[in-house]
Amino acid sequence: MNIHSSENFSISRAALRASSMGSLFSRYPRALGWVKRLMLPLALEKETAFNRHFRFFILMAGYAMSNTEDIRALGVLSRDFQDYLENVIDETSDKPMVWSEWNLSNEILRAFDVRQYVPETFAVVAQMAGSDAAVDIIELAEEEGMAPEHCSAAKTAVGALLANEAPKPDVIISSSHPCDSVTSSYQALQYMTKAPMFVVDTPYWDDDQSFKHYENNLWDLVAFLETNLNQKLDWDKLREVCENVNITNHYLQELSEMSRAVPSPTSVEPLLLHWLGRMAAFGSPNGMKFAELVHNGAKERLKKKQSIISEEKIRMIWYDVPLVFAPLFPWLEKKFGAVVVSDFMGRIQTVPIDTSSKETMIRDLARTHLYCTMVRHTRGPAEFYMEEFQKIIEEYSGDCFIFMGHQGCKGGWALRKLFRDVCRDARLPSLFVSSDIFDKRHVTEEEVKRQFEDFFRSNGLA
Amino acid sequence: MISAGIDVGTRFVKACIVKDEALLGCAIEDVSRDIDRVIGRVYQKALDKAGISKRHVKRLVSTGYGAKLVKGKSFSMSCTHCVAKAAFVLDPEVRTVLDCGGLFITITSIDERGVFERTLSNDKCAAGSGKFLEMSAQAIEIPFSSISQYAERSKEPYLVSSNCAVFAESEVITQVNYGRENTDIIAGVLKSIAGRAATLFERIQAQDKVALAGGLATVTAFSSMFEQMTDRKTVSLPIPPQNLGAFGAGLMAQQGKPSRGGV
Amino acid sequence: MSDILSTIQKLAEAQKNAYITKAADEGKRILGYMCSFVPEEIIHAACMVPFRMTAVGSTETRLGDTYYSAINCSLVRHIFDKALKNEFSFLDGIVFMNGCDHSRRMYDNWRDALKTQGLGPEFLYMFVAPHTTMETSLNRFIDELNGFSSALEKNFGVNITKNALKNSISIYNRRRKLFRELNEMRKQPEPPISGAEMLAVQLAMTSIPVENAVDLLEQLTEHVHDRKMDCKDKLRIVVTGGAMEEIDHVKMIEDSGAIVVAENLCTGGRHSDVSSDEDGDPVISIAERYLYKVSCPRMVDEFENRSSLLEKTLKEYSADALITEKLMFCDIWGGEVFLLKQEAKRMGFPLLSLEREIYGGGAGQMKTRVQAFFETVRNIQ
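Going line by line, the protein sequences match chains A, C and R.
For the record, in the first sequence the residue sitting at position 255 is 255 according to my numbering, with numbers rising by one throughout.
For the record, in the second sequence the residue sitting at position 164 is 164 according to my numbering, with numbers rising by one throughout.
For the record, in the third sequence the residue sitting at position 117 is 117 according to my numbering, with numbers rising by one throughout.
Hints listed in this document are in silico derivations from the structure and should not be mistaken for laboratory results.
A portion of the hints provided could be inaccurate.
[Claimed, not checked] As a list, the in silico SDA-like pairs of lysine to any residue whose alpha-carbon atoms are at most 25 Å apart:
hint : chain 1 : residue 1 : chain 2 : residue 2
1    : R       : Lys232    : R       : Lys293
2    : R       : Lys177    : R       : Leu309
3    : A       : Lys313    : C       : Arg113
4    : A       : Lys449    : C       : Asp30
5    : A       : Lys417    : R       : Ile71
6    : R       : Lys341    : A       : Thr193
[Claimed, not checked] Partial selection, computed: residues in chain A whose CB lies under 8 Å from chain C:
hint : residue
7    : Ser356
8    : Lys417
9    : Asp421
10   : Asp425
11   : Pro429
12   : Ser458
13   : Gly460
Here a beta-carbon is modelled for each residue, glycine too, at the ideal position from N, C-alpha and C.
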């Protein structure tokens, strides 16, 4: 196989520069606020040669997150992200390198003395170097023979390895959720790297037997890691991480609930940022701080009955994240006063971890893994989506539903009719947009924006 | 409120002046090289017919293939949304609109609130379109307005096999040279276009009532062929089918806040 | 074509057959399934007939498309289209399986169609198989098998005894042994049966009661015993991929100058000749057969086994080349084909990867590719 001989991490280094700027400014939130305000108009409309390198980074934070608390939160999160990237590209370290799949929560790894790399993260990292960079990486994987229909995150993971953007793994851990692309692409990653791999088998149902099966899998995972890393799991450290996770989840779960208020004091952006930053900050003190800050900011606004943007006009419920079109959220907020009040990605719905013993920790970690975004919905029957969707419709006073379906997500697309029917019964206007989270070749930003305009106008929302 | 809708299609420019849900006046003209002037002229004609002066028009919305070319618009929208809106306002029982224009055949389903639900369109090719019919009629020297009369006289419509307008045109010419009756040729062309429309109709699982829009809807032989193929009746709407897009755009302009000055 | 082969061919191409009708008339219940992980023995031990659902006879996906999107698998869309046209109304129940993201969603869509359009049958069951082969997974799988048995017992008022299970294993093993014998004969320089015929055999045998299958296979073995295909100047090909039921497609490959000597397909070759252990606890031996002895790319920790099995097959069947067959939008086979391409380079065997939609046409273009590939293979030789 044609793997380049020397590691170079050029794209990761570019992302690292952007993120260290973020973390530098985080000490001066006012300054970061100004930078954001100044840069936003340059980034909002479309990608150009000029804004290519900062557009994604600026717009990820959204148009909405602009008060001091939110800006500080952004800075705190970028500190962890910076650490994550530094660790990834540190070729001199003698700590073992573990690759861990995106949706497999990595709290357990934090209780080992290891470095971590989340292969799918590179799809986000690459966006920071401009949307073409991600496409180049995906094309590299496709040229090597990866199936075009694979999820673009999976293709980017393989492409990153081919482009020497991935560190050499000592161990790989993965799972059989959330989709066939993942189960398939990790076989490819294992084949290419020859590293020992452990795959957690994800249950279909939500019953005790299923949770128990996953719990057994986690015990197997611990044993696998202890053997292959030649280390013992530090249970005190795991307890600390789990306690942080509990607090983080508490804040974010409340944040998810706060957007039931009209106008919504928050939007999907902080939740999505946390979701994106989880590989670097889930269970870390900074991750916890981020959650606390965005939570407090939103709580302030809730008290004052303030919207997160200047004037909320449309309340949207979303299905999937338009990552490569991260600029969509700021654009929708600014142009239409449209705020995402609930979605299936950022929304946190989980249980606390009982840290009283090793057994309770593993038992509850199993549950939190299965309640995690995507895993919670994709692994089982349609009810896992629909029941939560119906609850969201009842509670969040949404004006419309946006199904921005990702090309890689065949299981989601197979439920199109069921989603449509729920919307119809609830008399909720719905827009179905075919898109790709990381690959802009599929549909252009302009076309997607046009569909939004038409949809809002013909439903009398704008 | 008075609003205007301009539909810049691939063959014609159409303009409608709308008050609330009523059509005050409309106009239509061929697309030609100096498109800005054509748009201006059609707009003015529609205003004249409506007896309205430009400054009373609070909002203008453009639609169609060349929607971007219209100056001074509040916004532009896809034709499918506009046609759906227009058909529903004219007859609230309409659930499906088949729009057969110069270059595209689009079928749109409408929900019970009158909002565009879903659309399907022919492949991006003129073989199933008004332009193809026009080209064929020209090749066999039949005036566009008499197509139906000729087609109705055909005993054995010729089966057009080409999927591409360019090849189909040469196929038609070949048939002329073989001495095939021009009635059979024009009926065959109509049949092939109606066939494409019927396929889209099947695919979208069209619900009643069905309305026809676009220039082809003015050709009676086409609509009867389509009705025969799908075994369904179409409803006739009170305004010329070609103007549905522009009327819908005018209706869309009624929604939302009016702009300050006239347009 | 001989009587027995043409009988089999007709069975493979029929939506519903006389054997199934007869079994139903005799009071047997028919249970539909789609994935080779669904344990036929357990269904049989409950006095029912497992019936593999196919897209045979389907010409469109118009109704299927009301549920599925254009990026979903064509096989699944065809099968569901047939379902919505009531073409599976003779089934008393359906066992779905988490084989892939497309097919497992049929469990959801079928239940919706049952609720909104009254689409029967009412017994719709989701059978869940693990994706790994660890001991934890085996234990979970044993529980799943027991749960499945109880569901059948409860819903249909039957009793699945250990003895019945043992008998079922034994009759299924007879069918599997007959397949093994046929495959053994295909290793000869002049195989007695073509790949297209063999696909028909495999399709037919999963659409009729196993007792009839054993009977027909015995007749077939007898019939082809001294048969020799004309193999002059023909390449020996192994076909691997997901579901395939287009006999004409294999025929096209063979007509281009080859004979298909072995296959690894969902609809046949991968599992049809793999027996369960007849000693010991029947549920455990069923679990071990499905989880350990048959490997599909949906299993994430077994590529090495699959690869060495492929290497062995290529060698034992003296194959000249491998053709991979993938349906569009299949992630699982997309990944497997990627790995097989790497293995082809490593082991040095010629590989052609084809992609198609089920009954999707494009035969001309496909034939050109196959012919060009065969020419390359001949040039290498």
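Exercise. Does the alpha-carbon distance linking Lys313/A and Arg113/C stay inside the 25 Å limit?
Worked result: holds (21 Å)
Exercise. Hint check: is the beta carbon of Gly460/A less than 8 Å from a beta carbon of chain C?
Worked result: holds (5 Å)
Exercise. Once the shortest beta carbon distance from Pro429/A to chain C is found, is it less than 8 Å?
Worked result: holds (7 Å)
Problem set entry | 25 Å limit on alpha-carbon distance, applied to hinted pair Lys449/A and Asp30/C | Violated. Lys449/A to Asp30/C sits at ~31 Å, over the 25 Å cutoff.
Exercise. Regarding the pair Lys417/A and Ile71/R, is the alpha-carbon distance no greater than 25 Å?
Worked result: holds (14 Å)
Exercise. Going by Cβ atoms only, is Ser356/A closer than 8 Å to chain C?
Worked result: violated (54 Å)
For this session: Have a go at the Asp425/A hint: is there a Cβ in chain C nearer than 8 Å to its own Cβ?
Result: Check failed: Cβ of Asp425/A comes no nearer than 12 Å to chain C, outside 8 Å.
Problem set entry | Straight-line alpha-carbon gap Lys232/R to Lys293/R, limit 25 Å | violated (35 Å)
Exercise. Taking the least C-beta to C-beta distance, is Lys417/A closer than 8 Å to chain C?
Worked result: Since chain C brings no Cβ nearer than about 12 Å to Lys417/A, farther than 8 Å, the hint is violated.
For this session: Classify the hint on Ser458/A as holds or violated, based on whether any CB of chain C lies nearer than 8 Å to its CB.
Result: Holds, because the Cβ-Cβ distance from Ser458/A to chain C comes to roughly 4 Å (cut-off 8 Å).
For this session: Take a quick look at whether Lys341/R and Thr193/A sit within 25 Å of each other, Cα to Cα.
Result: Holds. Lys341/R to Thr193/A sits at ~16 Å (cutoff 25 Å).
Problem set entry | Given hint Leu309/R paired with Lys177/R - CA-CA distance at most 25 Å | holds (18 Å)
Hint compliance for this structure: hints 1, 4, 7, 8, 9, 10 are broken, all remaining hints hold.
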